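Undergrad: Residue numbers (the working numbering), protein chains in the order written: chain Y, 96 to 306; chain C, 64 to 627.
Read the hints as simulated data drawn from the structure, not as lab findings. Where hints are given, some of them may not hold.
The calculated lysine to any residue pairs, modelled on SDA-like cross-linking and capped at a C-alpha distance of 20 Å, are [to be verified]: (1) K138(Y) x R107(Y); (2) K235(Y) x Q270(Y); (3) K235(Y) x W519(C); (4) K138(Y) x Q521(C); (5) K138(Y) x L110(Y); (6) K235(Y) x A532(C); (7) K206(Y) x V217(Y); (8) K206(Y) x D516(C); (9) K206(Y) x S220(Y); (10) K235(Y) x I262(Y); (11) K235(Y) x S529(C); (12) K235(Y) x S258(Y); (13) K138(Y) x S529(C); (14) K215(Y) x R225(Y); (15) K138(Y) x P151(Y); (16) K138(Y) x F180(Y); (17) K235(Y) x A202(Y); (18) K215(Y) x A192(Y); (19) K235(Y) x Q521(C); (20) K235(Y) x S190(Y); (21) K215(Y) x E267(Y); (22) K206(Y) x P517(C); (23) K138(Y) x E291(Y).
Just so it is clear, the structure is predicted and the values come from calculations on it, not from any experiment.
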Amino acid sequence: MTQHHLEIDDLRITLEDAPLLELDAHIGPGEVLAVMGPSGSGKSTLLAWLAGFLTPDFQASGRILLDGRDITLLPAERRGIGLLFQDPLLFPHLSVAGNLRFGIPRAIPDKLERAEAALKQVGLSGFGHRDPATLSGGQKARVALMRLLLSEPRAVLLDEPFSRLDIHLRQEMRQLVFDRLYEAGLPSLLVTHDREDAEAAGGPIIDLTGQ
Amino acid sequence: MLRLAPVLIVTLLVGPILAGLAMAVLPAFGYLPALGGTGFGLEPWRDLFSQPGLARSVTVSFASGLFTTAVSLSVVLLFLAGASGSRLDRWILRMVSPLLSIPHAAAAFGLAFLIAPSGLLSRLISPGLTGWERPPDALTVQDPWGLSLMAGLIVKEIPFLLLMSLAALPQLDPDRRVAMARSLGYRPAIAWLKVVAPALYPLIRLPVYAVIAYATSVVDVALILGPTLPPTLGVSILTWFNDPDLSRRFMASAGAVLQLGVTASALVAWWCVERLAARLGRGWIDRGGRRQGESSLRLAGQGLILVACLTAFVGLGALALNSMAGFWRFPDALPQGFTTIHWMRALPSLTGPVASTAVIAVISTSIALALVLAALENEQRTRRHPTRGRLFSALGLLYLPLIVPQIAFLSGLVVVMESLGGRPRLGLVVFGHLLFVLPYVFLSLSEAYRRLDPRWSQLALTLGTSRHAAFWRMRLPMLLAPILTAMAVGLAVSVGQYLPTQLLGAGRVSTVTTEAVALASGGNRRVIGVWALVQAGLPLLGFIIAVGLPRLIWSRRRGMRGAS
Chain Y
96 MTQHHLEIDD
106 LRITLEDAPL
116 LELDAHIGPG
126 EVLAVMGPSG
136 SGKSTLLAWL
146 AGFLTPDFQA
156 SGRILLDGRD
166 ITLLPAERRG
176 IGLLFQDPLL
186 FPHLSVAGNL
196 RFGIPRAIPD
206 KLERAEAALK
216 QVGLSGFGHR
226 DPATLSGGQK
236 ARVALMRLLL
246 SEPRAVLLDE
256 PFSRLDIHLR
266 QEMRQLVFDR
276 LYEAGLPSLL
286 VTHDREDAEA
296 AGGPIIDLTG
306 Q
Chain C
64 MLRLAPVLIV
74 TLLVGPILAG
84 LAMAVLPAFG
94 YLPALGGTGF
104 GLEPWRDLFS
114 QPGLARSVTV
124 SFASGLFTTA
134 VSLSVVLLFL
144 AGASGSRLDR
154 WILRMVSPLL
164 SIPHAAAAFG
174 LAFLIAPSGL
184 LSRLISPGLT
194 GWERPPDALT
204 VQDPWGLSLM
214 AGLIVKEIPF
224 LLLMSLAALP
234 QLDPDRRVAM
244 ARSLGYRPAI
254 AWLKVVAPAL
264 YPLIRLPVYA
274 VIAYATSVVD
284 VALILGPTLP
294 PTLGVSILTW
304 FNDPDLSRRF
314 MASAGAVLQL
324 GVTASALVAW
334 WCVERLAARL
344 GRGWIDRGGR
354 RQGESSLRLA
364 GQGLILVACL
374 TAFVGLGALA
384 LNSMAGFWRF
394 PDALPQGFTT
404 IHWMRALPSL
414 TGPVASTAVI
424 AVISTSIALA
434 LVLAALENEQ
444 RTRRHPTRGR
454 LFSALGLLYL
464 PLIVPQIAFL
474 SGLVVVMESL
484 GGRPRLGLVV
494 FGHLLFVLPY
504 VFLSLSEAYR
514 RLDPRWSQLA
524 LTLGTSRHAA
534 FWRMRLPMLL
544 APILTAMAVG
554 LAVSVGQYLP
564 TQLLGAGRVS
574 TVTTEAVALA
584 SGGNRRVIGV
594 WALVQAGLPL
604 LGFIIAVGLP
614 RLIWSRRRGM
624 RGAS
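Isolated chain Y (complex conformation) (with noise of 0.2 Å):
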């Protein structure tokens, strides 16, 4: 398994000269940097700037490195940053298998079977053909998952991915998706404003409130 290495070197994001967050992280293979904070204290920015989506209404400075190289100009497409959101996102338009095809790199070949096998680790088999929309909430939550893991990022970011679940669900999910990100190997960071869910993680914990 390759080892990847997520850098945040010295960022400082203003908006309109008012200083909103300030950042200087690194994240090891496998390893889960949780960032809390409550609501307005830069989380959702400090993903938009991660995966290249910041709008410019911000001012950002610093630099993201990802294995040594520095991909803080690259558009999203292009930087190897994966992101799960708090919702599924199953494209409605797809089947099951269908959405996890689109993740895979255009260069691998036979993704058909890639595709099944990811099903297959997550009690999914045979669902390739469903419908997105006939699946249950944490049926849905897994197959993002793998969606993400077969698109093979680098890094990958986690938005309160488990905030829309029960609790029962949560668990499961929680540990379905750290297990799966530190057997990959890859630097993740989780942004919540739930403690259980930063604590779960087992990395280190960065607390915004009051930055």
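Use these hints to put chain C onto chain Y, whose structure you have.
TA: Then chain C, alone, in the frame of chain Y:
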């Protein structure tokens, strides 16, 4: 490439209009070297003002513009105020969209067949109520005051303004506003008029102006329902322009400039009315009345819109009845027999025009769609959103072909093309249609395009998909339904075009619309019935595909149903 799209669209729309207007203004002052006019002078204007009945033409054009708009807008606002989501309301809303697709000319013929002295209405009440044994000698169609013309326009403009309002309403969150006002003791319809209507109007201002411009200058509807001696200004200009005596072109140009002035003054007059209404409305809101007139407002809204919709549909029924009628004596309500002979006779002559209508509509809509998609995709990628609702924004320019009277710049455009030696007639007609198809395709698609959750494209990009691939594999399929609807709108607009086909085709390109309108003067109701029905049916075909195809394709994708 993508970045050029907005510039291309604006050039494509603004360029021909400015060129056309210039070539209307120059001959209006005597300058048109091709016809021997090398100096400037006021001769064309003297000719124009010596035309008998000019003042009457101008008055009818001006008044029908303002009256049509005022009535249509009032009916739409009253209906929306009183609409409570009842079954009747939902039924009315479902009836309105197909109404929008019916070309103006077909709707006008339908109305004429309904209200003519020997039309369906007078047959239904004769001789029982009226005692008429023969059609009364009254000018109910083509009346000198243009009342039937206005009625014909109102029937078509109500659906247009209603759908424009419905598209704008969601951003105002009308339910919350009304709920808030109701908690302060306002009855629902009063609440809507006081807290939603004032916010809605600025959002539909441009469509309202488009209605004014259209109604002051319309030609095809005026040929069918408008007064004849003298006709409306627009019709007169067309007659002069097509006169075998080419020297009348100068006067036609002066007329085109006058038309521009008439439309502009109608817009200014409306703007004054707008100010006045705003002031009076503010007083009405400030007085704080909460209940007075609630039920009559409701009743008026539903009643009026129902009358308008029914008129259009019964009119279509009248067309169908006429197209299949055998011997039909007055005052019988129904023909003595039905026959397919009118259809059989018309069939051979229908194929050519139907084919050219379809070719022109498909080509112009495809070009328009490609340009609109490119512009909208460019907007997404650069994250630049044009300001909405403002009069002089990029979007305002889109309305330019809808606000400058067709007859004013198209006649000038013909002169431009003639002096450039433009030969390819069909191509020219397609280009002319594009000027009107493009704005409607844009207006119809832009909301859905901009409203698509931005997280979908963020998701696609973080999965490593290129922007190009994300467009083809994600955005296009997810927006299939609204894209097909926009195409259907484009096709319907193209099918209904009369003036661009007639003028830019130099009368040599015949579509179902030009043929149907040309039949108006003949007065053979059986033949008109056939042609007008075909004209009404073609756009409907587009809408049936637009509604049916997504359901078929997404029959196994629950998340895509009702996603448009």
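Undergrad: For the pair supplied as a hint, K138(Y) and R107(Y), confirm whether the alpha-carbon distance does not exceed 20 Å.
TA: Given that 20 Å is the threshold and the Cα spacing comes to 13 Å, the pair holds.
Undergrad: Is it true that the CA of K235(Y) sits at most 20 Å from the CA of Q521(C)?
TA: holds, 18 Å
Undergrad: Would the pair K235(Y) and Q270(Y) pass a check requiring their Cα atoms to be no farther apart than 20 Å?
TA: Cα-Cα ~16 Å, so holds.
Undergrad: Under the criterion that the straight-line Cα-Cα distance not exceed 20 Å, is the pair K206(Y), S220(Y) satisfied?
TA: holds, 15 Å
Undergrad: Do the alpha carbons of K138(Y) and E291(Y) lie within 20 Å of each other, as the hint requires?
TA: holds, 17 Å
Undergrad: Checking one constraint from the list: CA of K235(Y) to CA of S258(Y), max 20 Å. Satisfied?
TA: The hint holds at about 14 Å.
Undergrad: Taking only the CA atoms, is the gap from K138(Y) to S529(C) under or equal to 20 Å?
TA: violated, 26 Å
Undergrad: Please verify whether K215(Y) and R225(Y) have alpha carbons no more than 20 Å apart.
TA: holds, 14 Å
Undergrad: Taking only the CA atoms, is the gap from K138(Y) to F180(Y) under or equal to 20 Å?
TA: Holds. K138(Y) to F180(Y) sits at ~13 Å (cutoff 20 Å).
Undergrad: With the threshold set at 20 Å, check whether the alpha-carbon distance from K235(Y) to A532(C) stays at or below it.
TA: With Cα atoms ~24 Å apart, K235(Y) and A532(C) exceed 20 Å; violated.
Undergrad: Do the alpha carbons of K138(Y) and Q521(C) lie within 20 Å of each other, as the hint requires?
TA: Judged against 20 Å, a Cα distance of about 17 Å means the pair holds.
Undergrad: CA of K215(Y) to CA of E267(Y), is that 20 Å or under?
TA: Roughly 17 Å separates the two Cα atoms, so the pair holds.
The structure is inconsistent with the numbered hints 6, 8, 11, 13, 17, 22, although it conforms to all the rest.
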